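Asker: Sequence:
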Amino acid sequence: MYNMDGTPEAIEELLNRSYMAVDLLGPLGRRDRTLFGFYCVGVPAQVPGMHPSGAYDSGEGDVIDLGLGMRPDATGQGFGDAFLTHILRDIAASHPGAPVRLTVAQWNARAIRLYEKHGFRLSGVYMKGNVAFQVMYRNC
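Letter by letter, the sequence shown follows residues 50 to 189 of my numbering.
Since the hints were derived computationally from the structure, they do not count as laboratory data. What you are looking at is a predicted structure, and each value in this text was computed from that prediction instead of being measured. From the three backbone atoms N, C-alpha and C, an ideal C-beta is built for every residue, glycine too. Heads up, some of the hints might be wrong.
Said to hold, decoys possible - Computed beta-carbon distance windows for the label pairs:
id: 1; residue 1: His100; residue 2: Asp72; range: 30 to 38 Å
id: 2; residue 1: His144; residue 2: Asp72; range: 17 to 25 Å
id: 3; residue 1: Val92; residue 2: Arg138; range: 17 to 25 Å
Work the whole structure out from these sequences, hints included.
Answerer: The structure is reproduced here in structure tokens:
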């Protein structure tokens, strides 16, 4: 789910300034400017096609939707905590006090544990095709 499909719509979404690149200098404090991952906020962070299920009808007010992806070869090595901390600090600086919502595939237990460690709690489980997604919230 880290890869984009290369369609004109996907490329336009990447270029509309809703995505932020994260390099190793950010989350890990290294001087290596290698692309480590990305995050996005707003509608691009929502899973397409899940609106009819009510997944994003929260009544939470001015919630910030968060989507993120870490380089697949960096997963499982203990980098997730620093990566997510970096992203949440950035969001808190630009949206002070706003709750954050994210959507994660239910099979991604490692990511869900990380999100729970950072205060995200399950709001609901929704299906898109044959994939179950968890919507999770974190109050700042």
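Asker: Could you check the hint for me, namely that histidine 144 and aspartate 72 are 17 to 25 Å apart, CB to CB?
Answerer: 22 Å, holds
Asker: Falls inside 17 to 25 Å, the C-beta gap from valine 92 to arginine 138?
Answerer: 22 Å, holds
Asker: Determine whether the Cβ-Cβ distance between histidine 100 and aspartate 72 falls within the hinted range of 30 to 38 Å.
Answerer: 33 Å, holds
When held up to the earlier numbered hints, the structure conflicts with none and fits them all.
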